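> Residue-level listing of the chains:
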Amino acid sequence: MESSISSLIATAEAGDAAAAETLFTELYAELHRMAKRELGRRGVAVSLGVTTLLHEAYLDMAERTGPSFPDEMRFMKYASRVMRGLIIDHARNRQARKRGGQFEITSLRTDAPELAVDDVELTRISEALDELATVDSSLAEVVDLKFFCGFSFAEIAALRSVSERTVQRHWEKARIYLHGSLRGSSLL
Amino acid sequence: MSKLTPERWQSVTPYLDQALDLPDEERGAFLASLRAQDPALADDLQVLLDEHRAVGQERFLEAVPLPPTGHPAAAGLEVGAYRLLSLIGQGGMGTVWLAERSDGRFVRHAAVKFLDVALVGRGEERFKREGSILARLTHPHIAQLLDAGVAATGQPYLVLERVDGDSIDAHCDRQALDVGRRVRLFLDVLTAVAHAHANLVVHRDLKPSNVLVTRDGEVKLLDFGIAKLLEDETGPGAPAPLTREGGGAMTPEYAAPEQLTGGLVSTATDVYALGVLLYVLLTGQHPAGAALRTPAALMKATVETVPPRPSDIVSTPTVEAGAAAANAAKRGATPDRLRRLLAGDLDTIIAKALKKNPAERYASVTAFADDLRRYLRHEPISARPDTLAYRAAKLVRRNRAATALAIVAFVASLGGVVGTSIQARTARAQRDFALRQLARAEAMNDLDKFLLSDAAPSGKPFTVNDLLTSAEQIVARQEDKDDPSRIDVLISIGRQYATQDEDASALRVLTEAYDLSRALRDRSLRAQASCALASEVSRGDDLARAERLFQEGMADLADEPEYGLDRVFCLMRGSEVARNSGNATEGVARTQAGQRELQAAPVRSALLDLRVLMDVAESYRTAGRYREANAAFEEASKELTRLGRDRTQTAGTLYNNWGLVLDLLGRPLDAEPIFRRAIEISRVGDSEAAVSPMLLVNYARVLRGLGRLEAAADYADRGYARAREADAQIVVYQSLLLRSWIYLDRLELGRAAAVLEEVEPILKRRFQPGHVAFAALASYRSRLAQEHGDLETAQRLANEVVSVVEVLRERGAQGGENLPLMLLRRSSVELAAGDPGAAAADAARALTLWQETAPPGMFLSTVGRGYLALGRALAAQGKRDEARAASRSAVEHLRSAVGPDHPDTLAALALAGAGAPS
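Residue numbers (the working numbering), protein chains in the order written: chain A, 1 to 188; chain B, 1 to 918.
In short, the hints are calculated from the structure, not lab data. These numbers come from a predicted model, not from an experiment. The C-beta atom is built at its ideal place from N, Cα and C for all residues, glycine as well. Errors might be hidden in some of the hints.
What the hints assert, rightly or not - Here's a subset of chain A near chain B, in silico, CB distances under 10 Å, partners left out:
no., residue
1, Val135
2, Asp136
3, Trp171
4, Glu172
5, Tyr177
6, His179
7, Arg183
Unchecked claim - What follows is a set of in silico ranges between Cβ atoms, one per label pair, in the way DEER data are often shown:
no., chain 1, residue 1, chain 2, residue 2, range
8, A, Thr134, B, Asp24, 46 to 52 Å
9, A, Thr11, B, Ser102, 53 to 59 Å
10, B, Arg8, A, Arg183, 16 to 22 Å
11, B, Gly344, A, Ala154, 40 to 46 Å
12, A, Thr134, B, Gln57, 24 to 30 Å
13, A, Ala154, B, Gln592, 53 to 59 Å
14, A, Gly184, B, Pro39, 21 to 27 Å
15, B, Glu7, A, Glu121, 26 to 32 Å
16, A, Glu121, B, Arg8, 40 to 46 Å
17, B, Asp24, A, Ser138, 25 to 31 Å
18, B, Gly28, A, Glu131, 26 to 32 Å
19, B, Gln57, A, Ala154, 22 to 28 Å
20, A, Thr11, B, Asp43, 38 to 44 Å
As the list claims (entries may be wrong) - From the structure, some residues in chain B lie toward chain A, with a derived Cβ separation under 7 Å:
no., residue
21, Trp9
22, Glu51
23, His52
24, Ile381
25, Tyr563
26, Leu744
Turn these sequences into a full structure, and let the hints guide you.
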């Protein structure tokens, strides 16, 4: 399976849309399996664990495949996109559970403020990101890596071999785009 | 939805970049100038800049998709028995909340620390279990761990006693404490760490932010053992991860070299961190100095560069004058005075704590504290300053490859290098396995190292047995019976008992370890348990079972290279089994095989090499190859001193065995001080309760050989008494035989006979006829008969003895090396019986045998006595010149080996002088 991911990445890079679809599905399955196993079934605080998960996933797959496996940067591009999907799915689950009345034994006090970003908003962000990806893919990647996966500017800079300042700039511009898109700007 | 096409974005984006680079007030002008050139583009840019402003105001996307527990929304969250109140702060490992008990039970506030670490591959159960072990660590200077668990959000947390205080360096600076007061405060820290070590908990992450001082000036240590809670399930002592999630990677300012190179983490690691802390407290600077700038440089410096002396850096010209003065002022001194305070003992103490090689540091935190106390009392410290040569060699070359590997991995995770190379990871995995095996081997030594440290953890006198009992109790408290690390520790404890000759306890513990290990699939552990038990069983009677257990262990390991170190262990134990079964040749063969195996191992350890070396020496000794044994012991002794472990129990064992070899070799004068040293080490104050009875008897034997009969008798009696107490049968009969020998020397014939009567049934119960013990008995009886004038009996017994021992010698069995001694016995009888020819022949043969195994150039008591006997026989034959020549050789040997005043030396002198001046 690892070698198929490897060749899928290569083919997807070459522009094969079908390969990109399959790659997404396979990576999703793999990361989902890992996430389930390691992040626990009762919920996840996204600022912890995800970057480790992704690093580990990369190292495991690369080790099993060998030197032909693409480098971490390319892997992260796809994996972080997949992670976005996983997290949104997960957020939907949580929201559904809360609304569906399946309360957990310990719960937040009722006067605590609501979650800052709910699953509906996340889905809209995701759609806007997909669009941004067609306009300027490096900006969309930064959002996946930073917002959804929790990588720091320094880590992203290292993965992509650019300066931190460049990454910060990409983040700025991505936010401009997304904000405009979500708030229904005339242009975006 | 989107009207901005990719093309338009591409056109406007460079202008967006430029605009964002400008400060706010200049953007208007920039827009205006763009509008003049391309109005449509300027419109687009305007919109984008408006969005930018909105993004900043709304803090768009700065929240995370799902609330971590760092989010204020988590206030009120119930975690275990506690309710979160407010966020206290963001630690290196995660967020910390103030909390109170939700059942209203106590008024006390606690701190709940959420760990920002993914439990990748680790179980919740294990985390809770480890946490409950740590919660038992109670000490006034340690922040109490109240609870550990996993929150509903899936995040692991710890509940700690809330401590309100400054980090220790800030506290010292704020109060401008002088050197003496800083050292005293530091000693409080050491008592806390020592307490934790006594409970087998290593901190691993000691640094100022973990050492707080309350407003009352009380020291509180935080986060004990947390690093252990977070390690991989690779077993005890495995390399701990250095990176942390969320807050980015941790800088390794207090990490010990072995933590950076992936080596074994032990109590010595804490000693190192404490050394760095003291360095910082006393000098205001870090030992790595300028290298602190980047993590990579810092790591390299930690592993490779010996730090400058504290006294040197507080007043060197490279430090700005202002900074140096400010530093010194915070310590209540001028730079010059501070330098003088630190120079000498404090320099030496800190240097010892900061040694790159863990084995060269203080063996325990308590030893570290003792030296500091001696410094405060102006007493001489125990640490020795480095020689000029050592200091001159600033680079430690040994671990270059490991350093490079570790730096690549670490820096990569920091993001300084793109990715971790796959090759490095694979190599690391292989090395990790080898290191785990070594860690297991060393874990035995590690427990030993802890147990064998210079002083008692509680400051009271103790015996090793007390410590073993408490270690056993600690292990028994652990709930998971099948935990492999528990079996490891049991094996180590069992072997310690064996070293103490506490065979009953050793057998009990090792049997338990063996039984538990049968359920495991871990071959290395199973083999170790079998072989450890094998050697203990071989001390008893069931030698066949011992051999079977050994073979079982070896079979489990097969020939796979990854079990090399385990094979070394098994072969060493197998060698003991062979020796105890009387097969000395096989004993030597097995230790040699073990040594070869060790030399082929991918990772080496000085301590393990030493252990094996000691076993090798032992096997040579029991094979009667005294020359090789002596060389091996000498090497091992030097190595012990080099490792700074020459006052430990291990050293005591070594000295005992070495002394024995020297005695058997015929150098009693050399053996005596070594035995004395061994006794000194094992003694606790004035009590001999902890001294091995065997050691006392060995010493007695040497004293007898030196003609100090009264002292010899005294020690023989004490050995006998201890042996009876400890039910050490072997030593009981040995002490009795020795006692009778001493009586014979003093011509107290009645007593000698009585003791021989007492010892005979003991021997009959223990040994088969033909065993060398009976030959010894018979030879004493022969002498007894001779003293009574019954030469016929004496001759008959002497003949029997010689033939029995001849057979043993031919078979290479234990005891065969006594043949020359028995020949001398017979020679003595023959001389008295008026057959000097036979006497001369036996004496000559004994002499030849001894000279065969004599190291060249060494003067030996054995050879000396051989010459003496020969000289007497020749004189009786009337061969005066030859007799004188033989006697002169005798004098040479005896004077060196037993001293000029020994009766035998004097007899030889007399014989040599008789008839002609020399």
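> Give a verdict on every hint.
Right, here's what the structure says about each hint:
The interface hint given for valine 135 of chain A holds, since its Cβ lies 5 Å from the closest Cβ of chain B, which is under the 10 Å cut-off. For the restraint placing aspartate 136 of chain A at the interface with chain B, the shortest Cβ-Cβ distance is roughly 6 Å, inside the 10 Å limit, so the hint holds. Interface restraint check: tryptophan 171 of chain A against chain B, minimum CB-CB distance 9 Å, threshold 10 Å, status holds. Interface hint at glutamate 172 of chain A: satisfied, since its Cβ lies 6 Å from the closest Cβ of chain B, which is below the 10 Å cut-off.
At a threshold of 10 Å, the smallest CB-CB gap from tyrosine 177 of chain A to chain B is about 8 Å, leaving the interface hint in force. With 10 Å as the threshold, the beta carbon of histidine 179 of chain A comes within range of chain B, its nearest partner Cβ sitting at about 5 Å, so the hint holds. Evaluation of the arginine 183 of chain A hint against chain B yields a held restraint, the C-beta minimum of about 7 Å falling below 10 Å. Between threonine 134 of chain A and aspartate 24 of chain B the C-beta distance comes to about 31 Å, which lies outside the given range of 46 to 52 Å.
With their beta carbons about 56 Å apart, threonine 11 of chain A and serine 102 of chain B fall inside the hinted range of 53 to 59 Å. With their beta carbons about 19 Å apart, arginine 8 of chain B and arginine 183 of chain A fall inside the hinted range of 16 to 22 Å. For glycine 344 of chain B and alanine 154 of chain A, the hinted distance range of 40 to 46 Å is satisfied, since their beta carbons lie about 44 Å from each other. Remark: the range hint 24 to 30 Å for threonine 134 of chain A to glutamine 57 of chain B is upheld by a beta-carbon distance near 28 Å.
Checking the proposed 53 to 59 Å range against alanine 154 of chain A and glutamine 592 of chain B shows it holds: the Cβ atoms sit about 55 Å from each other. As the Cβ distance of glycine 184 of chain A to proline 39 of chain B is approximately 24 Å, the hint placing it in 21 to 27 Å holds. About 29 Å separates the C-beta atoms of glutamate 7 of chain B and glutamate 121 of chain A, a value consistent with the hinted range of 26 to 32 Å. Range check, glutamate 121 of chain A to arginine 8 of chain B: Cβ separation about 27 Å, and the 40 to 46 Å hint is violated.
Between aspartate 24 of chain B and serine 138 of chain A the C-beta distance comes to about 26 Å, which sits within the given range of 25 to 31 Å. Under the hint 26 to 32 Å, the C-beta atoms of glycine 28 of chain B and glutamate 131 of chain A, about 30 Å apart, fit the expected range. Restraint check, glutamine 57 of chain B to alanine 154 of chain A: a C-beta distance of roughly 26 Å satisfies the suggested window 22 to 28 Å. Restraint check, threonine 11 of chain A to aspartate 43 of chain B: a C-beta distance of roughly 41 Å satisfies the suggested window 38 to 44 Å.
Look at tryptophan 9 of chain B: its Cβ gets to within about 5 Å of chain A, closer than 7 Å, so that hint holds up. At about 4 Å, the closest approach between the beta carbon of glutamate 51 of chain B and any beta carbon in chain A falls short of 7 Å, and the interface hint on this residue holds. The beta carbon of histidine 52 of chain B is positioned within 7 Å of a beta carbon in chain A (closest approach about 5 Å), and the interface hint is therefore held. At a threshold of 7 Å, the smallest CB-CB gap from isoleucine 381 of chain B to chain A is about 45 Å, leaving the interface hint violated.
Using the Cβ-Cβ criterion of 7 Å, the hint placing tyrosine 563 of chain B at the interface with chain A is not satisfied: the shortest such distance is roughly 24 Å. For leucine 744 of chain B, the shortest C-beta to C-beta distance to chain A is roughly 74 Å, which exceeds 7 Å, and the interface hint is violated.
Hint violations for this structure: numbers 8, 16, 24, 25 and 26, all remaining hints satisfied.
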